[in-house]
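A.B. asks: Sequences listed follow chains A and B, in order.
Take the first sequence: its letters are residues 3 to 140, numbered as in the numbering used here.
Take the second sequence: its letters are residues 898 to 1187, numbered as in the numbering used here.
For the record, the hints were derived by calculation from the structure and aren't laboratory data.
Among the hints, erroneous ones may be present.
In silico SDA-like links for lysine to any residue, alpha-carbon gap of 20 Å or less [what the hints assert, rightly or not]:
id, chain 1, residue 1, chain 2, residue 2
1, B, Lys939, A, Val18
2, A, Lys56, B, Lys939
3, A, Lys56, A, Asn10
4, B, Lys939, B, Met898
5, B, Lys939, B, Phe903
6, A, Lys56, A, Leu34
7, B, Lys939, B, Pro996
8, A, Lys56, A, Glu12
9, B, Lys939, A, Asp26
10, A, Lys56, B, Ser981
11, A, Lys56, B, Arg953
12, A, Lys56, B, Asp958
13, B, Lys939, A, Thr43
14, A, Lys56, A, Gly11
15, A, Lys56, B, Pro996
16, B, Lys939, A, Ile88
17, A, Lys56, A, Ser71
18, A, Lys93, A, Gly83
19, B, Lys1086, A, Thr43
20, B, Lys1086, A, Glu12
21, B, Lys939, A, Arg21
22, B, Lys1086, A, Asp42
23, B, Lys939, B, His1015
24, B, Lys939, B, Glu924
25, B, Lys939, B, Tyr1090
26, A, Lys56, B, Asp977
27, B, Lys939, A, Thr22
28, A, Lys56, B, His1015
29, A, Lys56, B, Asn952
30, B, Lys939, A, Gly83
31, B, Lys939, A, Ile39
32, A, Lys56, A, His86
33, B, Lys939, A, Cys41
34, B, Lys939, A, Pro20
35, B, Lys1086, B, Glu1019
36, B, Lys939, A, Asn10
37, A, Lys56, B, Ala1141
38, A, Lys56, B, Glu924
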Amino acid sequence: MQVDVTINGESRSADVEPRTLLVDFIRTHLGLTGTHIGCDTTSCGACTVILDGKPVKSCTILAVQAHGSEMRTVEGLRQNGNLHPIQVAFKEHHGLQCGFCTPGMMLVGRHCWRGTRHPRRRRSAGRSAEISAAAPGI
Amino acid sequence: MYPAPFDYSAPTTLEEATALLAELGDEGRVLAGGQSLLPMMKLRLASPTHLVDINRIPGLDRIEQVNGHIQIGALVRHADVVASQEISDASPLIASTAPWVADPLVRNRGTLCGSVAHCDPEGDWNSVMLALGAEVVATSRSGERVIPIEEFVVDYFTNSLQSGEMVTAVRVPRADAGTGGAYLKLERKVGDYATVGVATHLRMEGGTIVEAGIGLTSVGPRNIKAREAEAMLVGQAPSPELFAEAARAAAAASDPASDVRGPAEYKRAVVEAYVRRGLETCLGQISEEG
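Assemble the whole structure, with the sequences as input and the hints as a guide.
C.D. replies: In structure tokens:
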């Protein structure tokens, strides 16, 4: 089935099987490998993308469900060639350990940061809760 | 992990969806939030041959007032419930539960109706619906059917929908004055299933309890309505002794299994403590309301 999306401001499309997961569509069909597959069981959130303005786990959405939507991945965080402030903050405070889940951490971080003046620990939990890198990240 | 291959349809009207479901029979499954269905399909615990994605049907995402009830449509996400002022006003118990469902990312996709239909005994919503005496609106090609929640929740992952039917809404009576509600959940970490979850609902009139609802999560093969404990409360004036007695009855009605989240005995003790604490919280809300 044909899936058309706007991803990081760019129109892209690909022909996929209905069972193709959104994360594989992004990584394999669109070649954007910044979104990582972590637990693959809807827990860790390493695969987080922003779908129509909301952070979601792309391992638990079908690519066909995203047809016609607007998405942002970690590749779309940079603004005019500059790192996004959340990326700068992660870099400056070493908000990571191995870095594998960091794309998801930063996307949720950006969302919390936009949604509230005082992001709270509980709001950002739900990705990477098991990964020890979560502590410095949060 | 990949689900087994399936066909996919994304109807844009309810008529189209119910016609498809009628034609597909047991081969078809409704896809709403997909936060339980897709993981089960990836683990090959479920392998429907045709998914009917209802996300493109307009109008199913509404929270509405209908004849003294608050009605939650099939595409209302948990996050919508968390954010809804209408829900806060209409049901303290539902408002108290929503922030405890899964984690914020799952709440952005998963739906309340989907969770109700899934009938996972570790799901939070059916305890709430049992405590509140909810009704499930099932729609098929031949029309609508309203199913009381106690008839809807049949068993472990089993609801009473008939072939060709889908859940289009869940509704609960709007809370009158003098109502309190609280959901208490013990979880190992954010986003985990409940080790124990307890939904409590009370309504008082002139110092007497006129309605009591208690639902239990993760302590049996399905969500449990603690009927005996509820009956002890109705018609009585609240007191610590009464709440303790009801809590003991609710614990006796639970049927937990020992597993990675703890031994059965521990879970039963948590049920007792949480029912007592939940009832006290309800009473506190009612007293505050004055």
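A.B. asks: Each of the hints needs a verdict: does it hold here or not?
C.D. replies: Okay, the hints, checked on the actual structure:
1. Distance restraint check for lysine 939/B and valine 18/A: the Cα-Cα separation of roughly 17 Å lies within the 20 Å cut-off, and the hinted pair is therefore satisfied.
2. For the hint pairing lysine 56/A with lysine 939/B, the CA-to-CA distance comes to about 23 Å; that exceeds 20 Å, so the pair is violated.
3. Distance hint between lysine 56/A and asparagine 10/A is fulfilled; the C-alpha atoms sit about 14 Å from each other, no more than 20 Å.
4. Taking the CA atoms of lysine 939/B and methionine 898/B, the gap is near 6 Å; set against the 20 Å cutoff, the hint holds.
5. Restraint check for lysine 939/B and phenylalanine 903/B: satisfied, since their Cα atoms lie roughly 12 Å apart, inside the 20 Å limit.
6. Taking the CA atoms of lysine 56/A and leucine 34/A, the gap is about 19 Å. The hint holds against a cut of 20 Å.
7. For the proposed pair lysine 939/B and proline 996/B, the alpha carbon gap of about 26 Å is over 20 Å, so the pair is violated.
8. Proposed proximity of lysine 56/A and glutamate 12/A is supported: the alpha carbons are some 18 Å apart, at most 20 Å.
9. Taking the CA atoms of lysine 939/B and aspartate 26/A, the gap is about 13 Å. The hint holds against a cut of 20 Å.
10. Distance hint between lysine 56/A and serine 981/B is fulfilled; the C-alpha atoms sit about 17 Å from each other, no more than 20 Å.
11. Between lysine 56/A and arginine 953/B the CA atoms are separated by roughly 17 Å; this keeps the pair inside 20 Å, and the hint holds.
12. As the CA atoms of lysine 56/A and aspartate 958/B are separated by approximately 16 Å, the hinted pair is consistent with the 20 Å bound.
13. Of the supplied pair hints, the one linking lysine 939/B and threonine 43/A holds, its CA atoms being roughly 8 Å apart against a limit of 20 Å.
14. Using a Cα cut-off of 20 Å, the hinted pair lysine 56/A and glycine 11/A holds, with the two alpha carbons roughly 16 Å apart.
15. Pair hint lysine 56/A plus proline 996/B holds up; C-alpha atoms about 16 Å apart against a cutoff of 20 Å.
16. Between lysine 939/B and isoleucine 88/A the CA atoms are separated by roughly 33 Å; this puts the pair beyond 20 Å, and the hint is violated.
17. Between the alpha carbons of lysine 56/A and serine 71/A the distance comes to roughly 11 Å, so the proposed pair stays at or under 20 Å and holds.
18. As the CA atoms of lysine 93/A and glycine 83/A are separated by approximately 16 Å, the hinted pair is consistent with the 20 Å bound.
19. About 16 Å separates the Cα atoms of lysine 1086/B and threonine 43/A, which keeps this hinted pair within 20 Å; it holds.
20. The hinted pair formed by lysine 1086/B and glutamate 12/A fails the criterion: a straight-line CA distance of about 38 Å is larger than 20 Å.
21. In summary, the hint linking lysine 939/B to arginine 21/A is supported, as the alpha carbons are separated by about 9 Å, within the 20 Å threshold.
22. Proposed proximity of lysine 1086/B and aspartate 42/A is supported: the alpha carbons are some 18 Å apart, at most 20 Å.
23. With a CA separation close to 16 Å, the supplied pair lysine 939/B and histidine 1015/B stays within the 20 Å bound.
24. Pair hint lysine 939/B plus glutamate 924/B holds up; C-alpha atoms about 17 Å apart against a cutoff of 20 Å.
25. Note on lysine 939/B and tyrosine 1090/B: the hinted pairing holds, with a Cα-Cα distance of about 19 Å set against a maximum of 20 Å.
26. Taken as a hint, the lysine 56/A and aspartate 977/B pair is honoured in the structure, with Cα atoms around 12 Å apart against an allowance of 20 Å.
27. Between lysine 939/B and threonine 22/A, the direct Cα distance comes to roughly 11 Å. Compliance with the 20 Å bound is thereby established for this hinted pair.
28. Of the pairs offered as hints, the one joining lysine 56/A and histidine 1015/B is violated, with about 24 Å between alpha carbons and a cut-off of 20 Å exceeded.
29. Taking the CA atoms of lysine 56/A and asparagine 952/B, the gap is about 15 Å. The hint holds against a cut of 20 Å.
30. Taken as a hint, the lysine 939/B and glycine 83/A pair is broken in the structure, with Cα atoms around 38 Å apart against an allowance of 20 Å.
31. Distance restraint check for lysine 939/B and isoleucine 39/A: the Cα-Cα separation of roughly 14 Å lies within the 20 Å cut-off, and the hinted pair is therefore satisfied.
32. Taken as a hint, the lysine 56/A and histidine 86/A pair is honoured in the structure, with Cα atoms around 18 Å apart against an allowance of 20 Å.
33. Taking the CA atoms of lysine 939/B and cysteine 41/A, the gap is about 12 Å. The hint holds against a cut of 20 Å.
34. For the proposed pair lysine 939/B and proline 20/A, the alpha carbon gap of about 13 Å is at most 20 Å, so the pair holds.
35. Restraint check: the Cα-Cα separation between lysine 1086/B and glutamate 1019/B comes to about 15 Å, which is no more than 20 Å; the hinted pair holds.
36. For the proposed pair lysine 939/B and asparagine 10/A, the alpha carbon gap of about 28 Å is over 20 Å, so the pair is violated.
37. Between lysine 56/A and alanine 1141/B, the direct Cα distance comes to roughly 43 Å. Violation of the 20 Å bound is thereby established for this hinted pair.
38. Between lysine 56/A and glutamate 924/B the CA atoms are separated by roughly 32 Å; this puts the pair beyond 20 Å, and the hint is violated.
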